[in-house]
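Going down the list, the protein sequences come from chains E and X.
Mapping of the first sequence onto the numbering used here: residues 1 to 254, in sequence order.
Mapping of the second sequence onto the numbering used here: residues 1 to 850, in sequence order.
Keep in mind the hints are simulated off the structure, nothing from the lab.
Among the clues, some could well be false.
[Unchecked claim] Think about it this way: if two alpha-carbon atoms lie no more than 20 Å apart in a straight line, the pair counts; the simulated SDA-like pairs of lysine to any residue are:
1. E:Lys71 - X:Lys255
2. E:Lys91 - X:Arg767
3. E:Lys128 - X:Ser474
4. E:Lys128 - X:Arg767
5. E:Lys129 - X:Gly477
[As the list claims (entries may be wrong)] With beta-carbon atoms standing in for the labels, derived distance ranges:
6. X:Arg463 - E:Ser199: 33 to 41 Å
7. E:Pro111 - X:Val412: 25 to 33 Å
8. X:Ala10 - E:Asp89: 28 to 36 Å
9. X:Val412 - E:Gly183: 42 to 50 Å
10. E:Ser149 - X:Pro411: 20 to 28 Å
11. E:Gly38 - X:Trp467: 18 to 26 Å
12. X:Gln493 - E:Asp137: 39 to 47 Å
13. E:Glu244 - X:Pro472: 57 to 65 Å
14. X:Arg463 - E:Ser55: 42 to 50 Å
15. X:Ala438 - E:Pro111: 26 to 34 Å
16. X:Arg463 - E:Gly183: 51 to 59 Å
On a predicted model such as this, the values are computed, not experimentally measured, just so you know.
Ideal Cβ placement from N, Cα and C applies to all residues, glycine included.
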Amino acid sequence: MATTEKPELSAPTGVAVEARELTRRYGEGETAVDALRGVDLTVRSGELVAVMGPSGSGKSTLMHILAGLDKPTSGTVSIAGTEITDLSDTKLTHLRRDHVGFVFQFFNLLPMLDAEENVVLPLSIAGKKPDKEWLDDLLERTGLNNRRSHRPSELSGGQQQRVAIARALVTRPTIVFADEPTGNLDSKTSGEILELVRSMVDDYGQTTVMVTHEARAASIADRILFLADGLIVKELGSHTKPSEVLEVMSSLDS
Amino acid sequence: MIRIALKGMARRKLRTALTAIAIVLGVALITGTYVLTDSIKGAFGGIFTSVYQGTDATVTGKSAFDLSGNGTTIAPPFSEALLPKVRALPDVAAAVGGVGGIAHLVVDGKVVHFGGAPNLGFSVDPTQAALNTLTLVSGEWPGTNEVVIDESTEHKESFQLGDMVGVQANGPVLRMRISGFVHFGGAASIGGATLAGFDLPTGQRLFDRVGKLDQIRAKAKPGVSPAKLVGEIQAILPPHTQVKTAEAQAKSDAKDTESFLNFLQYLLLAFGYIALFVGSFVIANSLSITIAQRTRELATLRTLGASRRQVRVLIVLEGLVIGAIASVAGIFVGLGLGVGLFKLFDAAGFTLPNNGLVLHTRTVIAALLDGVLVTVIASLRPAWRATRVPPIAAVREGAQLPPGRFAKWRPVGAALLTAGGFALLVYGLFGSGLGTSAILLSMGAGTLLIFIGVALLSGRFVRPLAWALGAPASRFGGAAGALARDNSRRNPQRTASTASALMIGLALITLIAVMAAGITTSFRGAVEDLWISGYAITSQNNFEPIPVAAGNAAAKTPGVEAIANVRGGDALVFGKVSQATAVGPGAAQIFQVKWASGDNSVFTRLGAHGAFVDEGFAKDHHLSVGSPLKLTAPTGQTLQLKVLGIFKPPTGGSPFGPVTISDAAWDKIYPSPNNIYSFIRMRGGETPDNEAAIVRQLKAFPDAKVQTKEQFIDNQIAGINAILNVLFVLLALSVVVSLFGIINTLVLTVFERTREIGMLRAVGMTRRNIRSMIRNESIITAALGGVIGIALGVVLGGLLAARVDFIVFTLPVGQLVFFAIGTIVVGLLAAIFPARRAAKLNVLEALQYE
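Let the hints inform the model, and build the full structure from the sequences given.
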């Protein structure tokens, strides 16, 4: 299905997303706010990158720009080798369709569709048929196999987020952006969802960027980037303990 | 609470404005109606006052009975010998005698007609200046074979002084010289009517009144009251004449126009209230949706200590404010609409007199009251719903309104309402011994209940119906189409309410189309059944009488096998006023009447004392062949008749009234008789040569129109179609209201689904996809209203056809298909604005929208 038709743009370089000298300014004149002040970032294929930072650090802005939802004031972003900052709305939409998946804090499922329909929605929008084996595998892995025909209102928060994760992965995108995926879940469910995110990266090699302010969430990443005042101020490698993350965070707050 | 209501509405300007439009349109139609009818009444009032300016008393012929007022019969004229006697009375300062009637001006062999308005002619007596209502603008007063014409016709036809013009009244066309141009009364406009003035002897000849008068107008000497004058004249009156004060005369003259205007007013008001009724659906729906969206806001108010009552008051207050603002706006729009209605009637062939727009205080009060009341009533249910918002919803994501205590009874209630509505309707239609107002009331109330019931009930059908109607969208529209179908089924009650507004308009439009098709079918059937073949002669406008002389001239056409002239008028039979007709012996070869008793030879045997009656009349009065019958004409003259035959009229009507006599007998008791139609059978049937021969023969009667059977049917139906078109335009306004309802719902839905739309855009929907999604949802909603509306309209039409004899149930398939396409167009139009809004949403902001 999608993967075989899609050019493997990321393979030669091993780079999924690349950003250079990103700045983002909101407003003008004296009241202008610089959300990003020159961010360079490379996300390699198959890695899970966590972006952390106190509120107002610019982490959400960074993710929105990387995903092509917002435009930078200056700088460039390329996804799967395509420069996206100058693309028209329609071209950008098509690029998102093929290369980008989203997981939202509030799940954003369509209430009138059942779980399976929600999962295959991006494919329906693109006018494609889902690959049965892939879909079955995905639903099995996300633990939704016996929930396929349930509506969002009949699912728990954790189950809804599983549907959202499966939806993000169904097109086998170049990259998945997860915006506070555990922000609206209790601690036990959060743990399960983080495990799922991690296993998607390990099992499918799904490149993922996750924005979070939870230390525990960040600790599952291969790399953790810390943002403060619109700049990347620190980077930690894999197997970082949550306590280390908290340490860095408190140093940033002060 | 008032402050919160106002501030909330200010924040939701667009939503509030869209809600208000529904009321604006309804109120505008009501205001427009009052303005139109008041203006016409004012103009007519001006005309009738002008006619009797300076007059204190009038003498007219007196009918032997009250005429039905349908215009086919006029009061009999009286001898002009009365005029000198009136003039000789001691208290009479001046008196003029006059004749009048319909006088067509003929230019290049064609009758001058403006928008179906009458062509009036009358005598003028310039020697009695005090009693002359015409002012000479240019030229001179008319002499023998001369005519003066009103200046408005002068301008429209570019007449010049000294021009020769044809005039046709109760005889062949006469060539006359235009001696002058006149202006009537004050500044009163007379609509599209043409006026022609003659000197008395010329007028008497034209109108077949030689030696007779239609009216004497008298002016009293100074100090003599009109009442005293009336008393003096009364003393010298011969039989079959009457005297009235000018005031009373003006009033009785105005009676016919007034009753027509009242009818027009009620008719238009009915459509105004229909539009308001549709508008109330739109408002109720919009408020309900806003409340669902404001759950958190209302809950916050509750946590802050607002009581349920206060929440309810808040919503009703919003309704009140919307209603008041919309009503005021509606009054202004209505003034514009008044002008538009004049134009509409003009375009449909009814030019109405207009002497400036009249806005009465009553109009303003009625419009305000209706608009505000309807809005407040429509807001009651949403307000009730709002009270069910629990305070806890303030802190909960995506809280849903709990269903009300009565929710489970709703389908039952809706079904009962619908059933009750049908019961009332059927009672009104089929119940025996009901008065007109009781019939109309129970039919109206029944229809209203049916609409409300079906609207409530249709929530149940939305899922399956939208599934079926959305199939094409789902099949060909890709994901956008499939989502549109799901969206339309997502909140069935909302979709149902939105569609219901359209359903009402379409049901009524369909009902009228079915009715019109039914009337047309039965009329066509009747003509086919009765009339063997040949040509018909009617006036140019299909309903005015034509001179007997025209029929007589046509009878001399070479090749005529038979001719039947049909005359008609009021007659007193068995103490009641009935429609009577007369026909010659030629009818036997022209018509094939179904006889209950007798045969076609009845036509030839009528003679001086024969009559035939229709089956219903015979039953009512227990008549059989041989029964005696006394017929009294308006002149008071009577005929002793004997029933020779009883016929069964077809359901589509017949040219014969309940009682028919021979034309020879008719002409003895009816002064200046006229034909309604003439039917001619020619050797060789319908051929161009035959038609040309009759037309040649009728050259002196330009108002007479020769038609084949097909043309005759079409022309008679054309009148129905003209009325139909006016009704369609008026109902279209309700459809426009419901169109705004759909726009409103879609806009509100887009607000509500902002985050969802953001997500769809994020996962790959293009702006075009989003637009197509909204468009498809709109079309599905409109189609839903269309399908239910058309179906309901057909059912209502079927019920009516079952009751009313002259409506044969007929499905106007072409029109129904047109209506169905129309609904889809409504859906497309309604989607334009909301779809654009949805597509323009910024993905990022949409995703973060709460």
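Verification of the supplied hints:
1. E:Lys71 - X:Lys255: Measuring from Cα to Cα gives roughly 76 Å; hence the hint is violated.
2. E:Lys91 - X:Arg767: Given pair Lys91 (chain E), Arg767 (chain X) holds - Cα atoms ~11 Å apart, limit 20 Å.
3. E:Lys128 - X:Ser474: 14 Å, holds
4. E:Lys128 - X:Arg767: 18 Å, holds
5. E:Lys129 - X:Gly477: 15 Å, holds
6. X:Arg463 - E:Ser199: 33 to 41 Å: This hint holds: roughly 39 Å between Cβ atoms.
7. E:Pro111 - X:Val412: 25 to 33 Å: For Pro111 (chain E) and Val412 (chain X) the Cβ distance comes to about 28 Å; the hint holds.
8. X:Ala10 - E:Asp89: 28 to 36 Å: 32 Å, holds
9. X:Val412 - E:Gly183: 42 to 50 Å: Given range 42 to 50 Å: holds, Cβ gap about 45 Å.
10. E:Ser149 - X:Pro411: 20 to 28 Å: Given about 26 Å between the Cβ atoms, the range holds.
11. E:Gly38 - X:Trp467: 18 to 26 Å: Violated, at about 54 Å.
12. X:Gln493 - E:Asp137: 39 to 47 Å: 40 Å, holds
13. E:Glu244 - X:Pro472: 57 to 65 Å: Holds, since Glu244 (chain E) and Pro472 (chain X) (Cβ atoms, about 59 Å apart) stay within the stated range.
14. X:Arg463 - E:Ser55: 42 to 50 Å: Holds: the Cβ-Cβ distance is about 44 Å, inside 42 to 50 Å.
15. X:Ala438 - E:Pro111: 26 to 34 Å: 50 Å, violated
16. X:Arg463 - E:Gly183: 51 to 59 Å: 35 Å, violated
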